[in-house]
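Residue numbers (my numbering), protein chains in the order written: chain A, 7 to 122; chain B, 18 to 131.
Please keep in mind that the hints were generated in silico from the structure rather than gathered at the bench.
Errors might be hidden in some of the hints.
[As the list claims (entries may be wrong)] Only pairs whose alpha carbons sit at most 20 angstroms apart, straight line, appear in this in silico DMTMM-like list of lysine to aspartate or glutamate:
(1) 73(B) <-> 88(A)
(2) 77(B) <-> 110(A)
(3) 123(B) <-> 110(A)
(4) 69(B) <-> 58(A)
(5) 63(A) <-> 93(B)
(6) 63(A) <-> 110(A)
(7) 7(A) <-> 59(B)
(8) 73(B) <-> 93(B)
[As the list claims (entries may be wrong)] Just some of the chain A residues that point at chain B, by a computed CB distance under 10 angstroms:
(9) 18
(10) 41
(11) 43
(12) 64
Bear in mind that the values here come from a model prediction, so they are computed numbers and not experimental data.
Glycine included, every Cβ here is placed at the ideal spot set by N, Cα and C.
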Amino acid sequence: KAGVTQTPRYLIKTRGQQVTLSCSPISGHRSVSWYQQTPGQGLQFLFEYFSETQRNKGNFPGRFSGRQFSNSRSEMNVSTLELGDSALYLCASSPSTGTSGAYEQYFGPGTRLTVT
Amino acid sequence: GNSVTQMEGPVTLSEEAFLTINCTYTATGYPSLFWYVQYPGEGLQLLLKATKADDKGSNKGFEATYRKETTSFHLEKGSVQVSDSAVYFCALTNSGGGADGLTFGKGTHLIIQP
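Take these sequences, add in the hints, and give me the full structure.
Below you can see the structure in the form of structure tokens.
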């Protein structure tokens, strides 16, 4: 079974621009989560989607948004980029069924975003 | 809120040495606990997990036991190899179908010397 894929792998943007990152989950997984990884803050949860609905959101400004499509693929968008948004953005999919119970998450290779 | 504390390292060991990476947590309710590993330039790989107290997760020679009384989930391996060099993350999530997201520790950089 193919793993989680993310595109693009590397991206360079300028302050003030916006960016869209894409994630394709493992086949059959309906839950997709996004994380930001930086040397200073470590790994931080951005948001989680299940069946096209955002179920939870981390402590990030409104410039960070996402969506999920009917085929479970997900995109995240960052508007008005700041230098501090430079990070590795990781997507993870989970076999969560939407009911109570903790499910493991499987991560993609990430998109390395550099803001100049 | 939830939090995870682990030694950041780097931790440097010789090949075939015994490994322990400490992890303690603070959480409400009964979280599930995980260890993930990240190799250079890659995403995170799930190493092992435990979903309730006294559960032992194991994989590839690594083990960790969910200790609720000490709120700990220490990672151990009896004999490390050079290929185990990586960054190891302890993480937790509250039950809820995965909606809560994972809370990670800062990561422990492990270096194994031949």
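Against the 20 angstroms threshold, does the CA-CA distance of residue 69(B) and residue 58(A) hold or violate the hint? With a Cα-Cα distance of about 30 angstroms, the restraint between residue 69(B) and residue 58(A) is violated, given a limit of 20 angstroms.
Quick check on residue 64(A) please, does its C-beta sit within 10 angstroms of some C-beta on chain B? Since chain B brings a Cβ to about 6 angstroms from residue 64(A), closer than 10 angstroms, the hint holds.
A closest beta-carbon separation below 10 angstroms is what the hint needs, so does residue 43(A) meet it against chain B? Result: holds, 9 angstroms to nearest chain B Cβ.
Satisfaction of the residue 18(A) interface hint, Cβ to chain B closer than 10 angstroms: violated (17 angstroms)
Run the distance test for residue 63(A) versus residue 110(A): straight-line Cα separation, threshold 20 angstroms. Given that 20 angstroms is the threshold and the Cα spacing comes to 18 angstroms, the pair holds.
When you check the alpha-carbon spacing of residue 73(B) and residue 88(A), does it fall within 20 angstroms? It is violated: about 43 angstroms lies between the C-alpha atoms, which goes past 20 angstroms.
Mind checking the alpha carbons of residue 63(A) and residue 93(B) for me, to see if they're no more than 20 angstroms apart? violated (33 angstroms)
Would you check the hint for residue 77(B) and residue 110(A), treating anything up to 20 angstroms between C-alpha atoms as holding? holds (17 angstroms)
Is the straight-line distance between the alpha-carbon of residue 7(A) and that of residue 59(B) 20 angstroms or less? It holds: about 19 angstroms lies between the C-alpha atoms, which stays within 20 angstroms.
Is the hinted pair residue 123(B) and residue 110(A) satisfied, with a Cα-Cα distance of at most 20 angstroms? holds (19 angstroms)
Agreement of hint residue 41(A) with chain B interface, Cβ distance less than 10 angstroms: holds (8 angstroms)
Are residue 73(B) and residue 93(B) close enough, with their CA atoms no more than 20 angstroms apart? Satisfied, since the Cα-Cα distance of roughly 11 angstroms is no more than 20 angstroms.
The earlier numbered hints that this structure contradicts are 1, 4, 5 and 9.
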